[in-house]
Amino acid sequence: HVPQVAMLSGILFCIIGVYWLLRSLKDTVFATIVGIQYQPRAKMVSLCVVFGLLFIYNHMIDKYEKHVLFYILSITYGLVFCAIAFALH
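Numbering (our numbering), first residue to last: 22 to 110.
Because the hints were derived from the structure by calculation, they are not lab data.
Backbone N, C-alpha and C fix where the C-beta goes; we use that ideal spot for every residue, glycine too.
It is possible that some hints are incorrect.
Said to hold, decoys possible - With a Cα cut of at most 35 Å, we get these calculated DSBU-like pairs of lysine-lysine:
hint, residue 1, residue 2
1, K64, K47
2, K87, K64
3, K87, K47
Said to hold, decoys possible - Ranges between beta-carbon positions, derived for each pair:
hint, residue 1, residue 2, range
4, A106, V70, 12 to 22 Å
5, F34, V55, 24 to 34 Å
6, K64, F102, 18 to 28 Å
7, V26, A52, 32 to 42 Å
8, L74, C103, 14 to 24 Å
9, H88, L68, 28 to 38 Å
10, F91, V55, 24 to 34 Å
11, F102, P24, 22 to 32 Å
12, H110, F76, 24 to 34 Å
13, P24, V55, 35 to 45 Å
14, G56, L90, 28 to 38 Å
15, A52, V89, 31 to 41 Å
Construct all of the structure, not just a fragment, from the sequences and the given hints.
Dropping the structure here:
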């Protein structure tokens, strides 16, 4: 039981660390790539995307066990941001 808790704690630590780094970079990266004039529109679109993701998440909660859902979300999060990093490189 201890190895699973340690692994899940490490995954959560990495998620929070990456989020903390990306949060401080998001406005400058967005302004450089797209332009600051599109920021209000992007915030509105992101709100709609979050609502859509919440519906998907609620469906996944009913379908999967909690620890399996945590693995799915962690892997998806990692893959998405690896793809973004590759696209920005």
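Results of checking the hints against the structure:
1. Between the alpha carbons of K64 and K47 the distance comes to roughly 12 Å, so the proposed pair stays at or under 35 Å and holds.
2. Restraint check for K87 and K64: satisfied, since their Cα atoms lie roughly 30 Å apart, inside the 35 Å limit.
3. Under the criterion of a C-alpha separation no larger than 35 Å, the hint pairing K87 with K47 is consistent with the structure, at around 30 Å.
4. Against the hinted window of 12 to 22 Å, the Cβ-Cβ separation of A106 and V70 comes to about 19 Å, which satisfies the hint.
5. A hinted range of 24 to 34 Å holds for the C-beta pair F34 and V55, which are about 31 Å apart.
6. Taking the beta carbon of each, K64 and F102 are about 20 Å apart, inside 18 to 28 Å as hinted.
7. Here the CB-CB span from V26 to A52 is close to 40 Å, well matched to the stated 32 to 42 Å.
8. Range check, L74 to C103: Cβ separation about 19 Å, and the 14 to 24 Å hint holds.
9. Restraint check, H88 to L68: a C-beta distance of roughly 30 Å satisfies the suggested window 28 to 38 Å.
10. Distance hint check: the CB atoms of F91 and V55 are about 32 Å apart, consistent with the given range 24 to 34 Å.
11. Roughly 26 Å separates the CB atoms of F102 and P24, a value that falls within the hinted 22 to 32 Å.
12. Range check, H110 to F76: Cβ separation about 32 Å, and the 24 to 34 Å hint holds.
13. Separation of P24 from V55 is about 43 Å and conforms to the stated range, judged on CB atoms against 35 to 45 Å.
14. For the hinted restraint 28 to 38 Å between G56 and L90, the CB-CB distance of approximately 37 Å keeps it satisfied.
15. A beta carbon spacing of about 38 Å between A52 and V89 agrees with the range 31 to 41 Å that was offered as a hint.
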